[in-house]
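Visitor: Each chain is listed here by its residues.
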Amino acid sequence: MIIFTLALLTFLTTIALAATIKAIAEKDLVKAVVFSALQSVAYAIIYGVLMAPDILYAYIAVGVGIYPVIVLYAIAKTYRFEGGRK
Amino acid sequence: MEGINYLLATYVYASLIVIVAVAIYGIIAKPNLIKKVIALTILGDTVNTFIILIGYRFVSKPKPPVIPTLHPSPEDIINIVKNGVDPLPQAFVITAIVINLAITAFLVMLVVRIYRAYGTLEMNLIERRKGEEHG
Amino acid sequence: MRWFIALVIALTAVVLVKAVMDGCLGYILTTDVRSIAEFYLRSTYNVFNKTHWAASPEAVNAILWDYRGLDTVYETTVLFIALLGCLVLATKLSSEFMEVGEWLTIIARTGVKLIIMFIAIIALILAFKGYVTPGGGFQGGSAFAIIPLLILAAFSCKYLENLGYRVNKAEALRSLGLLAIAAIAVLPFIFLSAYFLQNQPKPWIPIGIPHVITFIYTGGTILFYNLAELVVVSMEFTAIFIVLTLLRGEEHGGH
Numbered sequence: 001m002i003i004f005t006l007a008l009l010t011f012l013t014t015i016a017l018a019a020t021i022k023a024i025a026e027k028d029l030v031k032a033v034v035f036s037a038l039q040s041v042a043y044a045i046i047y048g049v050l051m052a053p054d055i056l057y058a059y060i061a062v063g064v065g066i067y068p069v070i071v072l073y074a075i076a077k078t079y080r081f082e083g084g085r086k
Numbered sequence: 087m088e089g090i091n092y093l094l095a096t097y098v099y100a101s102l103i104v105i106v107a108v109a110i111y112g113i114i115a116k117p118n119l120i121k122k123v124i125a126l127t128i129l130g131d132t133v134n135t136f137i138i139l140i141g142y143r144f145v146s147k148p149k150p151p152v153i154p155t156l157h158p159s160p161e162d163i164i165n166i167v168k169n170g171v172d173p174l175p176q177a178f179v180i181t182a183i184v185i186n187l188a189i190t191a192f193l194v195m196l197v198v199r200i201y202r203a204y205g206t207l208e209m210n211l212i213e214r215r216k217g218e219e220h221g
Numbered sequence: 222m223r224w225f226i227a228l229v230i231a232l233t234a235v236v237l238v239k240a241v242m243d244g245c246l247g248y249i250l251t252t253d254v255r256s257i258a259e260f261y262l263r264s265t266y267n268v269f270n271k272t273h274w275a276a277s278p279e280a281v282n283a284i285l286w287d288y289r290g291l292d293t294v295y296e297t298t299v300l301f302i303a304l305l306g307c308l309v310l311a312t313k314l315s316s317e318f319m320e321v322g323e324w325l326t327i328i329a330r331t332g333v334k335l336i337i338m339f340i341a342i343i344a345l346i347l348a349f350k351g352y353v354t355p356g357g358g359f360q361g362g363s364a365f366a367i368i369p370l371l372i373l374a375a376f377s378c379k380y381l382e383n384l385g386y387r388v389n390k391a392e393a394l395r396s397l398g399l400l401a402i403a404a405i406a407v408l409p410f411i412f413l414s415a416y417f418l419q420n421q422p423k424p425w426i427p428i429g430i431p432h433v434i435t436f437i438y439t440g441g442t443i444l445f446y447n448l449a450e451l452v453v454v455s456m457e458f459t460a461i462f463i464v465l466t467l468l469r470g471e472e473h474g475g476h
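Chains as they are written, first to last, in my numbering: chain A, 1 to 86; chain B, 87 to 221; chain C, 222 to 476.
In isolation and in its complexed conformation, chain A is listed as follows:
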């Protein structure tokens, strides 16, 4: 029984690792925000597997709804591609 929990955790952390490596190495900032939101979804499922429902409700609303919106506001008021204006 423990091995099913551990297998699910390895699958989800692999998704999170791939998403964060692509988020840091990406030059288009909007795509970086979308990859960061994908990593937040993987973390929310991890909180569900680890039997923590309070944190799941708090983290879904914050990590997928509020963080990307605030950073997208910042990108809209400045510029979109890294190394853009000189």
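One or more hints might be untrue.
Each computed DSS-like pair below joins lysine-lysine, with the alpha-carbon atoms no more than 25 Å apart [as the list claims (entries may be wrong)]:
(1) Lys-116/B to Lys-77/A
(2) Lys-423/C to Lys-271/C
(3) Lys-216/B to Lys-77/A
If you are wondering where the hints come from, they were derived from the structure by calculation, not from laboratory data. Given the structure is predicted, the values throughout are model-derived calculations rather than measurements.
For this one, chain A is given, so just place chains B and C on it according to the hints.
Guide: Coordinates of chains B and C only, in the frame set by chain A:
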């Protein structure tokens, strides 16, 4: 512990620590300010997940720390005490999520003001323009 | 230079993994739990031994508002000061966004109207039943704050202004919620000489809110704390979204 359980647990802990390392590299080595803000949020969320993983209990049927009825019998309470997951790290993590959110909102306001004052968001260009201003 | 930084971080990560698997942060793959967690799980809704109980079947909310209530008070203070800093930095708000009235297509608008009703119901359920099922004040508040965000995206900011959302109204409601939390926490301490944030009667200070009021099971003071926290958090995020929409970004001062 069996060999395969230990191997999978090592992989889970190692991948979380590698995510922390990648986020710290992103804060130090990327010059764009918005990329630094994104990497900071990734770092904070990964540390929260690590804390919850430490508080988990690997019994065969774990339960969340909630007593399921409003009129419990003694067997219900003993069942939760023997199978329930640790509730104290979860309370800490909720506080940490709120504080990280407040700090990120404040940082975004600062980033927009810096762009209005210097015209760019790359750290090396900001240092050069600040040196020309004072020099 | 970048290769040197990457090498140092990689070496630190390898050493950390070895240290964690040898038990520097606690035992790996255990079946026991720490003794303080056992105390919290045993005594949070123990109707047979009411010495240390907190009248709420949910252990996490009892820890947040009764056993370690001072942590939550200081966290609310940090949120308050951060929002104060945000409002100080936003001095030059442009009013040009207020006159632009672009609406999205009618499919998007109808979808947003339907979703808003469901989000309001879910947020209120999470806040009202926070002491019986998983949920609570902060969860309900941050779900309720998605509603003005969706209205800002599908309709324009001028529509939000016509509905009555202003920054100073949101600030006033938030201050009322904070005042409610402070009143329930501090007034028994001043007038009745009880403990700060007291929830249930303790053996040597027998003052507390009853945990059943006719047919409503309140969790002591936890129901009222959750409702006040819903108002505080949702109004705070509404103010941040309106201020971020009106912030002007595109002007270099002096270059």
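Visitor: If a hint holds in the structure, say so; if it does not, say that too.
Guide: How the hints compare with the structure:
{"no.": "1", "hint": "Lys-116/B to Lys-77/A", "verdict": "20 Å, holds"}
{"no.": "2", "hint": "Lys-423/C to Lys-271/C", "verdict": "9 Å, holds"}
{"no.": "3", "hint": "Lys-216/B to Lys-77/A", "verdict": "22 Å, holds"}
Checked against the numbered hints given earlier, the structure satisfies every one of them.
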